[in-house]
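A.B. asks: Full structure from sequences and hints, please.
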Amino acid sequence: MAEIVPVGEVKPEKLSEVEEFLGISLENELIGIPLKKILTISKILDIVKVPYTSSIIVGVMNLRGEIIPVLSLKQILGLSESNEPTRIVVLDSKHGKAGVLVDNIVGVVRVPSERLEPNPMVGRYSAYVSHVAQTEYGLMEILDVDRLVDSLVEED
Amino acid sequence: MISDEMREIFNEFVVEAEENLQKVEENLLELEKDPQNEELLNATFRAMHTLKGGAGFLGLKAVVEVAHAAEDVLGKLRSGELTLTPEINDAILEAVDFIRSAIQRYEAGEDVETPQDLVNKLRNLEQGEVKEEVPEKKGESIDDLLDRFGFSHLKGKPIEEILEELILLPPDERPAELIEALDRIVAKGETEQEAKQEPEEEEEKTIQPIAEVEEKREEKKEEPKREEPKKEEKRPVVKSEGEKVVRIDVHKIESLMNLVGELVLERNRLLRIFQKLYDEYQSKTVDELETVISSLDRIVGDLQLAVMKTRMQPVKRLFQKFPRVVRDLARMLGKEVELVLEGEDAEMDKTVLEKLEEPLIHLIRNAVDHGIEPPDEREKAGKPRKGTVKLSAYYHGDRIFIEVADDGRGIDIEKVKQKALERGIISPDRAEKMTEKDVLFLIFHPGFSTKEQTSEVSGRGVGMDVVMNTVSAFRGTIDIETEKGKGTRIVLSFPLTVGIIRSLLVSVNGRLFAIPIYSVLEIIQGEDAQITTVSGKEVLILRELTIPLINLGEALEMGGGNVGYVIVSQVGSQKVAFTVEDLFGDEEVVVKPLGKIIGEVQGISGATITGDGKVVLILDLDGILKREMRAITFV
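Chains A and B supply the protein sequences, listed in that same order. Sequential numbering of the first sequence, starting at 224, is according to the working numbering. Sequential numbering of the second sequence, starting at 223, is according to the working numbering.
There could be a bad hint or two in this list.
In silico negatives: residues of chain B with every beta carbon more than 10 Å from chain A [unchecked claim]:
hint : residue
1    : 301
2    : 334
3    : 616
4    : 824
These stretches of chain A come out as covered by chain B in the derived footprint (C-beta under 8 Å, 3 or more residues) [as the list claims (entries may be wrong)]:
hint : stretch
5    : 284–293
6    : 314–321
If you are wondering where the hints come from, they were derived from the structure by calculation, not from laboratory data. Predicted, not measured: the structure shown is a model, and the values here were computed from it. In this text, a Cβ means the ideal position worked out from N, Cα and C, and glycines have one as well.
C.D. replies: Next comes the structure, spelled out in structure tokens:
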């Protein structure tokens, strides 16, 4: 996995405030998930559909003896679903673990905190993107994991 | 207001206070029958006294004042200056109720005002019938007593302070006889001087820094004890409980349960893998492995059971609330009712136990209100004037049964049927074909009530359907028997363990699902099942009974599919048949919740992981049926 040092000049004293994200690709968009929110990355395991639940919930899977819900990040973010997901990123939230389907893993992306800009977009889907940042791979959208999971729990 | 540093002590106090309040309640009811029972009076007094002490320590003024007034009344009852009358009993019970609600309010961070009316009422009762002075027993002075029990260092302190000190000692070191003797002196002193300012004074003394108390406790432990052997016989229960019981945070037990659950799943996997290994290779090492695995298997099973047991609590905790309910209700309705409790030591899972209070209160209210006849009516029918309601618990197989039985008038089956017809719950056609039991189960139908006007007692807008809902929520069953003029018996049963259920594994459109086996009545081969339609809906005809048939594939929104078998199940109060594709035997499965993100899904009670690592959803037939019914009503 490639480690990308951000472009542009970085002053040495600012290096301590570098934040790390896992860059993933979803329908040609680059999404960054804070590394500290990620428990593990797994292959697509057997996912069992749960009847009577919303389409955001793809199903549940067995991750080392634990039952974990798998969510469709594309639906949550209002993206199309043309590419086939290849990995599940397991997130840790205050409401428990949750897996999200992703198309590809780009790698760990380090961004100095001053390069994080608040998400300029407003709207239903952009509520889950807290910041954006310019990286070597292009514009990365930073996912607000807690907010995303909170909104799912509140819906019930 | 309770400060943060006091929280922990407060929480402990809440638990202890509830125990003491229950003790007072229980004893008072017992005393109604046996007002002279000194031992009970003493125990009641002590319970109230301990409670007052704890409340004083925490500065819960309203509780202290009420408890103090109640304690004084109890003190006079004990010394024989007062005799227990229903009024006194009511007033003390009222005090118990107030303290209970006050503690809740304190807990919620509210301030509580002293209910002056209640305190006055208690004070008046206390002053009420002061009998002639009873000469002081043996005439021992406080100092003599302290010397005799080895607490000479407390000499010279105010008597209330000495008492508090003694009460704060660990239960097994508490010199009960000394406390009693001192209490007697206090009670006397008070009647003599009618000291009114005393409550405030005492409160001040009891609110002392915790550290100081702890210190004193420590000090005392080191001193040699001279305990009377007689004492030990008198309070053996208190003593042993103090030593053997440890309070543990429920979360800790829950995480232990989860770990054991996972261990069980891994064991199942191991067993399966070993079976394959055994089939493929034959060697001495494999044989050795077998002995290890089988003993591991046994140990895991035992461990699972042991952890389950930590969640079990005696039903006594629940049952002891009901004598009060029955008493109050009987008095209100002008009936004579005795509540008999049986099998109070039977244990069941804590979570189920807690949720059972409401339904049981409902059943008991029904028994007293609708079941038991007024005394005169009973006499005419040749029954004893006093009716009996029996609440019992017992085990059978892997389930616990809880039974509410009364010797009242029984349920009038014809009346139930008429009512159900009037309310349009059943059609005249169906009424014809129904068995007595089917009719009886109609009382669990939402909104059903056989009494013409719902009385204040059993009414309140909740029906027996609430009982049914709670019971189904914990995979329980309900049975009802009644005989006109003889009485009614309602039996609830619950699985002993909540975490593990024996399930039937079935497939629907190629996918595996688990159905809890307790709800399965019988299984019929698809080709043998007599299926027809009634108003466009499929039904199963089974021994002249028409049972609604649900295609499980369609119900689960996965499309029809083959009908290999029909499963007839008891869902709540009715029979329902479900079609499935194939059967894969039964298995004990560990229920795992779907987690907060998915939340509660009606129709799915959780999931489990099979020995080969597959996730299988556990179906909740009751929920699926409810979904289906809703679909019918709204389409």
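A.B. asks: Each hint should be assessed against the structure and marked as holding or not.
C.D. replies: Results of checking the hints against the structure:
1. 301: Answer for residue 301 of chain B: holds, closest chain A Cβ roughly 58 Å.
2. 334: Label holds. Min Cβ-Cβ 35 Å, cutoff 10 Å.
3. 616: holds, 35 Å
4. 824: violated, 7 Å
5. 284–293: holds (count 7)
6. 314–321: holds (count 5)
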